[in-house]
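With these hints in hand, go ahead and build the complete structure from the sequences.
Residue numbers for the sequence shown follow this note's numbering, beginning at 420 and rising by one.
Watch out, some of these pointers could steer you wrong.
To be verified - Subject to a maximum C-alpha distance of 25 Å in a straight line, what follows is the list of computed DSS-like cross-link-like pairs (lysine-lysine):
(1) K550 to K435
(2) K468 to K480
(3) K550 to K582
(4) K464 to K487
(5) K468 to K582
(6) K468 to K594
(7) K464 to K480
(8) K594 to K550
(9) K487 to K519
(10) K550 to K480
(11) K451 to K480
(12) K467 to K550
(13) K594 to K572
(14) K487 to K451
(15) K464 to K451
(16) K582 to K451
(17) K567 to K435
(18) K468 to K435
(19) K467 to K480
(20) K487 to K467
(21) K435 to K594
(22) K435 to K467
(23) K467 to K519
(24) K480 to K519
(25) K594 to K519
(26) K435 to K523
(27) K572 to K435
(28) K464 to K572
As the list claims (entries may be wrong) - Have a look at the derived ranges for each label pair, beta carbon to beta carbon:
(29) G556 to G486: 15 to 25 Å
(30) E509 to A566: 26 to 36 Å
(31) L503 to N452: 19 to 29 Å
(32) L503 to E576: 38 to 48 Å
(33) F434 to G556: 25 to 35 Å
(34) R574 to R499: 32 to 42 Å
(35) I505 to H595: 32 to 42 Å
(36) Q544 to T588: 18 to 28 Å
(37) I505 to A566: 31 to 41 Å
(38) L503 to D580: 34 to 44 Å
(39) Q500 to L590: 27 to 37 Å
(40) I554 to D502: 31 to 41 Å
Hints were generated in silico from the structure; no laboratory data involved. Every value quoted in this text rests on a predicted model; they were computed, and no experiment measured them. We treat Cβ as the ideally placed atom computed from N, Cα and C, and that holds for glycine.
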Amino acid sequence: MQDNTDQTELPTGKFKGLSMIVATDSENGIGKNNQLMWHLPNDLKFFKKVTSGHTIIMGRKTFDSLGKPLPNRRNIVISRQQDLEIPGVEVFDNLGNAIKACEKEEEFFVIGGGEIYRQALDFAQQVYLTKVDTIGGADTFFPELNAKDWEVKWRQEHHQDEKHVFNYTFLILQKH
Numbered sequence: 420m421q422d423n424t425d426q427t428e429l430p431t432g433k434f435k436g437l438s439m440i441v442a443t444d445s446e447n448g449i450g451k452n453n454q455l456m457w458h459l460p461n462d463l464k465f466f467k468k469v470t471s472g473h474t475i476i477m478g479r480k481t482f483d484s485l486g487k488p489l490p491n492r493r494n495i496v497i498s499r500q501q502d503l504e505i506p507g508v509e510v511f512d513n514l515g516n517a518i519k520a521c522e523k524e525e526e527f528f529v530i531g532g533g534e535i536y537r538q539a540l541d542f543a544q545q546v547y548l549t550k551v552d553t554i555g556g557a558d559t560f561f562p563e564l565n566a567k568d569w570e571v572k573w574r575q576e577h578h579q580d581e582k583h584v585f586n587y588t589f590l591i592l593q594k595h
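See the structure below:
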């Protein structure tokens, strides 16, 4: 299969407010032992394309799994640790304060982990979802989305190939 992820015209710029971006397995699993459970190069490209130039909000454990601030993005980490200072990162003690700091931005992203996704669900207007066709034995999960609250605005299916062990689908869901 041809890798057309870079050429894909995403409907970005049309969305406003808080978005979440996540890759889940068939059971909404997102990670195990603070790591992703698969390596999908096209999903990493999709993540980069969608979030570059925007603010990303994450929990401290998610930041720890990345190891450093992501380039070309405003990085915000949520932590209860009072004196936490991370070069190149803004630290907030709760999601509400982080969202307030982004109020003037057109679109900004929560990128994990499980607890931050749960807290952000009521505020999110969009979910950029990569659905991976596997069950990975996760210990961290994305919250269940109520289908009546969300509409699929864009969808692109991909089949496994020499670089991608699993079938996967990119979706953009918008809250009604």
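Which of the numbered hints above does this structure break? Every hint satisfied by this model.
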